[in-house]
Every structure is written in structure tokens, then in C-alpha cells.
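Given the coordinates of chain L, work out where chains E, W and A should sit on it, guided by the hints.
If you want the building blocks of each chain, they are given just below.
There are 4 protein chains.
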Amino acid sequence: MPKTEQWQWYVERFSPAELHQHAIEETYFAGRTAFQNVAVIRTATFGKMLIIDGDTQSSQADERIYHETLVHPALAAIDDRSEVLILGGGEGATLREALRRPDVRRCTMVDIDGEVVALSKRYLAEWSDGAFDDPRASVIVGDALAYLKEDRGTYGAIVSDLTEPLADSPSNPLFCDAVFDDIKRRLAPGGVYVLQASTAGFHNMELHAKMARTLRGRYRFVRSFYAHVPAFDNDWAFLACSDTVDVAALASERIDAYVAGLRGESYFYDAETHRRLFALPIYLRRELAKEGDVF
Amino acid sequence: MPKTEQWQWYVERFSPAELHQHAIEETYFAGRTAFQNVAVIRTATFGKMLIIDGDTQSSQADERIYHETLVHPALAAIDDRSEVLILGGGEGATLREALRRPDVRRCTMVDIDGEVVALSKRYLAEWSDGAFDDPRASVIVGDALAYLKEDRGTYGAIVSDLTEPLADSPSNPLFCDAVFDDIKRRLAPGGVYVLQASTAGFHNMELHAKMARTLRGRYRFVRSFYAHVPAFDNDWAFLACSDTVDVAALASERIDAYVAGLRGESYFYDAETHRRLFALPIYLRRELAKEGDVF
Amino acid sequence: MPKTEQWQWYVERFSPAELHQHAIEETYFAGRTAFQNVAVIRTATFGKMLIIDGDTQSSQADERIYHETLVHPALAAIDDRSEVLILGGGEGATLREALRRPDVRRCTMVDIDGEVVALSKRYLAEWSDGAFDDPRASVIVGDALAYLKEDRGTYGAIVSDLTEPLADSPSNPLFCDAVFDDIKRRLAPGGVYVLQASTAGFHNMELHAKMARTLRGRYRFVRSFYAHVPAFDNDWAFLACSDTVDVAALASERIDAYVAGLRGESYFYDAETHRRLFALPIYLRRELAKEGDVF
Amino acid sequence: MPKTEQWQWYVERFSPAELHQHAIEETYFAGRTAFQNVAVIRTATFGKMLIIDGDTQSSQADERIYHETLVHPALAAIDDRSEVLILGGGEGATLREALRRPDVRRCTMVDIDGEVVALSKRYLAEWSDGAFDDPRASVIVGDALAYLKEDRGTYGAIVSDLTEPLADSPSNPLFCDAVFDDIKRRLAPGGVYVLQASTAGFHNMELHAKMARTLRGRYRFVRSFYAHVPAFDNDWAFLACSDTVDVAALASERIDAYVAGLRGESYFYDAETHRRLFALPIYLRRELAKEGDVF
Chain L
339 MPKTEQWQWY VERFSPAELH QHAIEETYFA GRTAFQNVAV IRTATFGKML IIDGDTQSSQ
399 ADERIYHETL VHPALAAIDD RSEVLILGGG EGATLREALR RPDVRRCTMV DIDGEVVALS
459 KRYLAEWSDG AFDDPRASVI VGDALAYLKE DRGTYGAIVS DLTEPLADSP SNPLFCDAVF
519 DDIKRRLAPG GVYVLQASTA GFHNMELHAK MARTLRGRYR FVRSFYAHVP AFDNDWAFLA
579 CSDTVDVAAL ASERIDAYVA GLRGESYFYD AETHRRLFAL PIYLRRELAK EGDVF
Chain E
339 MPKTEQWQWY VERFSPAELH QHAIEETYFA GRTAFQNVAV IRTATFGKML IIDGDTQSSQ
399 ADERIYHETL VHPALAAIDD RSEVLILGGG EGATLREALR RPDVRRCTMV DIDGEVVALS
459 KRYLAEWSDG AFDDPRASVI VGDALAYLKE DRGTYGAIVS DLTEPLADSP SNPLFCDAVF
519 DDIKRRLAPG GVYVLQASTA GFHNMELHAK MARTLRGRYR FVRSFYAHVP AFDNDWAFLA
579 CSDTVDVAAL ASERIDAYVA GLRGESYFYD AETHRRLFAL PIYLRRELAK EGDVF
Chain W
339 MPKTEQWQWY VERFSPAELH QHAIEETYFA GRTAFQNVAV IRTATFGKML IIDGDTQSSQ
399 ADERIYHETL VHPALAAIDD RSEVLILGGG EGATLREALR RPDVRRCTMV DIDGEVVALS
459 KRYLAEWSDG AFDDPRASVI VGDALAYLKE DRGTYGAIVS DLTEPLADSP SNPLFCDAVF
519 DDIKRRLAPG GVYVLQASTA GFHNMELHAK MARTLRGRYR FVRSFYAHVP AFDNDWAFLA
579 CSDTVDVAAL ASERIDAYVA GLRGESYFYD AETHRRLFAL PIYLRRELAK EGDVF
Chain A
339 MPKTEQWQWY VERFSPAELH QHAIEETYFA GRTAFQNVAV IRTATFGKML IIDGDTQSSQ
399 ADERIYHETL VHPALAAIDD RSEVLILGGG EGATLREALR RPDVRRCTMV DIDGEVVALS
459 KRYLAEWSDG AFDDPRASVI VGDALAYLKE DRGTYGAIVS DLTEPLADSP SNPLFCDAVF
519 DDIKRRLAPG GVYVLQASTA GFHNMELHAK MARTLRGRYR FVRSFYAHVP AFDNDWAFLA
579 CSDTVDVAAL ASERIDAYVA GLRGESYFYD AETHRRLFAL PIYLRRELAK EGDVF
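Residue numbers (this note's numbering), protein chains in the order written: chain L, 339 to 633; chain E, 339 to 633; chain W, 339 to 633; chain A, 339 to 633.
Only true hints are included.
Keeping only pairs whose Cα atoms sit at most 20 angstroms apart, straight-line, the calculated DMTMM-like set for lysine to aspartate or glutamate is:
#1 E/K548 <-> E/D519
#2 L/K459 <-> L/D472
#3 A/K628 <-> W/E610
#4 E/K628 <-> L/E603
#5 W/K487 <-> W/E421
#6 A/K522 <-> A/D417
#7 W/K628 <-> A/E603
#8 L/K628 <-> E/E610
#9 E/K628 <-> L/E610
What the hints contain is simulated information worked out from the structure, not anything from laboratory work. Note that the coordinates shown come from a computational prediction; the quantities given were computed from them, not determined experimentally.
Same shape as in the complex, but just chain L (with noise of 0.2 angstroms):
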């Protein structure tokens, strides 16, 4: 192999004993926004990636599996898609997956990092596809906690791409009593509150656990629900939480016609997928059925 090509790692350090290591194709940006540092480089099995703080967020050849599982559960289980809330979503990505259901008239994204925001404009521009220039999308630049406190708007779907509450992140202070209530209270009747929820790996699905035992004191139906991303190295667990709507349990027929709706062709999710995303294996059921603290 030519040695030139192969001088540049990208070395993602899972503890200190498991690393992956992706050869850097080229590094488009790395630097330090106000919050966080930041690298968009391309690698050869996942094209271009970007990194916060040493971690993948998401890449080129597999953030559709991400952000498809992300929203599309969510929005098919609910009536009324007018009104859509994200709470981060810095690439955009999660916006263009939202915003290619035409019932969905204003999509409101809020990400604290605005530098992030235009780093992906300008270099991931495929993760947000135009969705950025669509009119029904509002993005603004700011603290998502705050927003959350002012806003007196509802929504039927709220959508949080934050970051998991890991011991010393900086997303913490995000998951606790004060700001479920503040969902909560934006979330419309019949809505659905839908959220990233850490890792479902046998080594590593207790703070997904966590953070399930936490939102069934607060809502009647907290379904887990998981796809393996290749570039998180991972299986990804997402929580869908409501008072009305049992997310796992919806029709085929009501997925076939919601996934009709969708602008564009998609590339991970339709209803089989969705049978395969909410039924878990034994060892994540068990689990999650372990009583235990909650944030």
C-alpha cells in the first residue's frame, strides 16, 4: 500500500483497552468551536465523518441508519405532524429526515453550537441535503435547556439528538426532573417525545437502562428501541416516550402509508425495519426489567 496514504489516524478510544482506527483521507476542518473541538476528515469505509471531542457523531456512509431510527419511529406514530421540535441536531441531518414529510409545516431545531451549524453547511452539506434553505425549517442558534423554558409553542414530535448524560458531559445538567417537565409541557396531546439514548451493547447498555427507568415515571409508554451504526462501532439506542402512543406496536399499515408519504427514497427504515428496531434481544430486555437509580 502506498505509504503516503496511510500516515493520518483518526484513533477513537472506547476504554483504554478497545481503539478503532480509521487512516485519514483528509482532514477538511479540525479546531475548537466555543463548546467543543471539532474535525471533519474523510476516511476510506465511511467517507466523510464528523468528530466532536474525539467521538464519531456521525458519518457519510451510514448516518441515514442514525437519523432515519431517529425520527421516523416518532413522526409515523403521530397524527399531527404540523409542529416539530429538535433539540440539537447540529449536522441537519435529523431536519431533512423530518422535514421530508410534507404535513410537517415548521420544524424547529435548536443547537447551543452555531459553529457547528455552519461547519456543516460547509462541508457535510450532504447530511443536511438543502434542508437548512427549506422555509418550513427554523434554526436557531442557542441553549436548548433555555428554549425549552421560554418557548410556548407545542409540538407533536420532540426530537433530542443531545448528547447522553455520561458522568462528566456537558449534557448532564440536560436530563433531569426540571427539564422533563419542560418537554413535557411542550409536547402537544398525542405527541411524542423521542430521544438518543446511549448504547445498547451487551458491555455497555446500563446508562441506556438508566435513562429508561428515569422516563417511565413520567410517561405511560418508554419504548427502547436500537440499530447498529457501524461508524459509532456500536448498537445505537433510542428511547420513544408518550402518554398515548405505544411506538413499538404500531401497524405495518400505518408505517407502509406514513413511509408513502416521505419525499425521496429512504435508506434504512420502512415498516419491516421497524419490526426489527423495537424487538430486542434477551439480554436487553433483561436489562432493562433491572430495577434501579434514575437521574
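Then chains E, W and A, alone, in the frame of chain L:
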């Protein structure tokens, strides 16, 4: 971190541009058998790992994901489980799973590398968990190909745990018409031939699709299913082939009854997991629908 | 350690079995010139580093070891330093060292890659330290080979900082009889031709020995010397060739006087260091004494 | 490259930002003695390597650079070589070098880790090359500190191959006034105390300088010398201490005569190499001239 515990690493190279590194806590064995390079190590996340020719074969922490998936859908689908044949499967875990059903009266396993079998008994006893000593087990050290040709028995399930037909693999000649004929001749009426069938990741699903295309010319039902196996760092695919049973369409009640008849506790597989395994995402269904060459 | 600072690594591959990894703190530039792949990064131990085609060219922390060694033994050995010619040397540090002697009236430098010169001015200003702006410097962007052929000047010292003639290197044609003739024609009476001459490590000294053998057929005195350059992870060798001066045998008094006439402070070289450079260990002398093929 | 030969790597971590990786061809031993973690591996470039607590101790390919440098300058400097004492030196190569002089009538070696001695005999026989069986060798498994305190002999040379006093090292208490007193008491008149004395690389020479400062308070002549040892990826330093002999100033004729009296062939050391070892570059002389704290 203590320097001393990080000095030795197992580096799995998926491509010249993608590596996964595991810190080695202990090396139990590293050497060459008559057929291949074999190592048994221990890592923090995966426990003991069996490595052959630089590829992870299975890990203590998640081998049940792989082996339950390989064995149980096929066994759940057939009515007569009295005779089961395993091709390969040196660690003994495929054997272990088959023998969990009391109605398996004999399970014959043919593996060419007796040294791997011996090493597995010595270092990976958790994998076979006594199966090698079960009076119903018949373990033959020999060439699976020759065995199939000379054998006169028939089997309700033939479970192939052989290496997939990679371009440069010694298992390549195992995937051809003559072998397919031999396997079909050994399959009892109503039987299922199930095989590990390469990877189903978005970036490396072509070989699986080619294997599926090949077998669709020989069986009425050829069903793909897959599970993410973390130690493989990949979605691992399987094919269930039969002229009589559509393994993808098994009723949950049938699976429940089958699972209830298994000795010991399962880690991964039951009726809900079965739905996950066989519900494929769009991108994989598209790949499987493509026309192309066959073996 | 903060995960964020370790995400990007420069991996230098010395052989398929030997790698050296440096965590990258910042990437100033990574791209392709008309001739080669070039990167400028910063690491904790070595400061800024220039990397060409995956090989370390020089580091801020120890480039003076390399450049003082390349320039000063030759300049100390000659009487007339008014004209000096540098082949290659794009970073400008060879130029800088030559110009530290006021009796160097003109220093001509010929480097084929004007983009490397421009990048060095922009990002590696510490290397040239103003030398490019010295009125005595004459910097020519062009082919050193063609320059030697057409030039009519003579030089007290010709300093070659070109790539060694590795089997697959573009510098390979630079190391042949026609070029040796051209160089000798440009060397003033009493002059010294000095060149970087590959590595002198116990495991990779054959190329150096072959270069020495080749030049011994053309000069009365051909002296090997070497220094360990940590950023190269190797002992780096040089050859001083002359028909009149034995550079290895310079009197300490002569070197003292020479060094006293240098502007600014030296980091590495003086009479004591000169003794170190030219005193070779047994294994290297044995290699140099071997007969063998020449270029 | 064949995947199978690259699966296992020895990663030496010089700092959180600098790693050197060696592909392991074979692991002869990896385990824990009563004192330390020990491994014996083989790599392509360095042959067999001894690794203790994650640090390279010596390699088959270049251990003679280290051991000839440790032993011969001191032995060349003294007149009475009849009694030599080695502190540490478990591999037996220091012993081997000392016993190459027939006028060494007894060489006593004290190493605390008998298991390292036994492993070296079994796996690293090239290092000791029969020295353990030499009737002049007296190998004591025990605490060098206690031995020095209780011993009543005197030695023309005391050769310390103990770990340098790193902040967190178990050898730290070995470097203190009480021990210096004990060593001096055991040194015969005209004797030399020589010790490996940490690294002399531009980025890690402070500890060596502090060791030198400390010993300058106790001996009339304290001379630094160093060699680049590729397997250590560093310039390795030593100190030769004596109240009567300036080891740096040995006449070449004396060294020639000494070397002529060595059995077998040397790889690295003779009078020319001696000049290299003791001729220090400016940056190291500057560091050694600094005032500062002592042990």
C-alpha cells in the same frame, strides 16, 4: 493507566484503512496447527477470544449471540431434530446449542482441525460447556467435504459453521455445486440447511448476497438473517435454506414452544429476537434483490 | 487523559512490523504539491513537524541536530566559503546554518518544490529564521539536476539535502555518474561535497554503505558520519567527500575557530560533537569495509 | 502482507502522545514474577526482546550496544579487574561482557528477581552465552541493597544495571546517600562505579543530569556517556564515577590493549567507539552544567 497492562495489543485489520485494537490481558496460547495460526487471548471487554489467522472467531462475552443465532432458528423450524450435522464448529459452542434440545438424539460434528478442538477443550471450556462429553455428541476430526461425500445418514438440520468463500480462503472450494449436491443429499425431508454467510454491513454485504443468490437456485426458501456481533465489529449474516420451511415466517407460538424445550437459559434468542433477526433493513433487501453472478 | 487530545495520530511506518505513532495536537496543513504529499503538524514531544509522503522530514525540536551536522563539518573543513550550493533543503534550515558564517558571501539553494518552500516560510518560519530574506541567499525553484548541468559557478561546499536513492524514490536518478560528474565540475579546488546519506542503524545501513562505496571511486576522502535524530527514530548518516580535505581528521583548534565565527548560538555542533559524529562503532565500520555493488 | 503475521503488537508507550509499535512474531513467555510483569517476544527487526512492566529491557539485535557500553569503558579504566560486582543484570549479558576479560577472576552478580534470571537462561541464552556456567561467575538471587550492606568484599568495578530512580519506580530507594555510602565502601582503591543512568535524549535528559549532579558530590570524576540504542528508541546514558580515574580521558592505546585482551569478537566497543561515547553534544553538556536539586 498502569503502563504494564497495555503493552500487548491484538490488532484486527478489517482493511488497510480500518483497524480495531484490543489490549491483551493474557495470552493463553499462540501457535500454528497443521492448518492455521491460532491464538487464545483475554481482553477486558470481550473476555477470552479465539483468533484464527488474525481474525476473531468468537469471544467469551458475546459468542452466544452468534451461536444461538446460527443454531436455533433452523432447529425451531424443523419437526424432526433427532439427527443434526455440524460442519466445522471447532469451539464446541454450536454443538452445545444443538444439544440443549433433548430431542436432538445425535449431533455429529466434523471439523478438520483437531488441534483447534483440543485447544478449545483446554482453554475455551465455557464455549462447549460439557457438550463434547455428551453421549449424543459424535465429534469427527476430518474433512467436512469428504465426510459429506461418504456419509450415508440424513439430518433434519445441517449447520455449517465453515469459513465463508472469501477469494483467498481455503474454504473456497467448499462452496460449489458438488458440495451443494452432497449437502442436499444428506438433508432429510423437511430439513433445513443453515450456514454462517459472511457479513451484512453496508460496506461488505456483496459476498453474502452472492451466497444467497447461489443458494436460491437450489432451495425454494433461502432466508437471510443477521445479528450484530460486537467482537466481530460487524453485522454477521446467515442463510436458512429449505425446500419446505420458510424459517423467516415461523409463528411466534412455534418458537415459544421450541424455546421452552431448551435446557438452560438463553442469552439472545427467542421469538422476539427471531423477529429482529429476520427483519432486514432496506439497504440489505435492495442488495439481496440485485441480479449478479453466483458461485 | 482528555480523550479529545488523542484523537488524531501520525503513524510513521518504518516497515510492516515497526510503527511509531505521534499524537497530533494540530494540523497546520495537509495537502499535495505538484511533487509530493506534504503535511505540517504539531506534536507534544517534537513541536512542529514537516512530513512528506508519510516520512518525517524534520521537527522543530531537533532539526538543529540534523542541519548543524549536515552543514558545519563541511564548512569548517574548507578555506574558501564565499560560495556555497545547497541541493534541496526546502525548509530553509540548511540555508540558515550556512549563512551563520559571515564569510559565506552567497548561498545558492535549488529546490524543485516551490510549494514546500512557500509552506516552510508560512508555517515553519523557525526553521529558516530569516534566512530566505538574507541578501546573500539565492533561492532557485527548479530541478537541481538541470541546474548542475547548466550552472557555470564553482562552490567551496556543495551540500546535498536530497532524498537518498531509495529503490522507488524520484531522487534515484539523482545518484548516478552523470550527476557525480556535474557535482565535481562545480566543486572549487579544496572544496567539499557533503550529502545526507541514508541511515546508519544496525538494521538499515546497507544503502549508506553502498553510497559510500560509490563515492569512494570518485573522491580521495569519503568520510561517513552520523547523528541520532530522535524525530527520525534513527541514526542518520552523512558523507563528506573531498579530494583534498579529510573532514574526519579536522583539528579541534580549526573547528573551535570556525565555530567561534558563527553568528548566534549552536545547539549541537562544536569540536567535541565533531569527534562524536566521525567516531564510528565497530559494526558500522565493518559494513563500510565490505565490498559490494555500487550505483 | 499476510494478515496472520500482523495480528499481535507490542506497543511501548513513551508518553501519552508517543508510541512505538512492534509486530510480534512469537510470544515465548508472558507472565508475572514475584516482582514484575515479564514477557519475551520476537519481532522482525529486533529479534527476541525482553519486556518488563511494559518497557523494553534489551533486544537480541542490539543488546551488545548497551552491554558493551555499560561494561567496557569502566573495565578498560581500572588496573585490577580481579573482582567485579554487578547490581541487577538479570539477563546475564552484563556478566557475559565482564567475563570476556580473563583477568576478571570473579564476577559477582546480585539480582532480586530469580525468575527473570531463570527465564533469561531458558529463552535468552544468546544474552548470557554460557556466562552463567562460567566458574568465575557468582550469581546471587537477592536484594542488591541488602547485599551491599552486608558484603565485606571490595571490587575494582561495580557495575549497576538497576532501574533508574524514576519517580514511581521500586528502584527509587536504591538511589540515596545510604546506598552511595555502601557502594563506595565496596569500591577498591582505583576502582570505578559505573551505572546505567537514564536517557540523554533532548526531551528527557533531566533525570540523567540530576543523577550526575548527585554523584558529583561523591566522586572526583563523574563522566556521562551515551549510546543510541534502537530498541530503546532513545539515547541511553551512563555514568562512570571514580576518585582516581577519568574514564572519559582514557588513552586510545590503553583501550586498544584492553580490547585486545577480550575473548571473542566485539560488536560495538573499541577505542574509536569510546571517543564517540564520551564526546557529548552541546545541548547535553549545557544540561549537565546546570545547577539543580539532587537525590
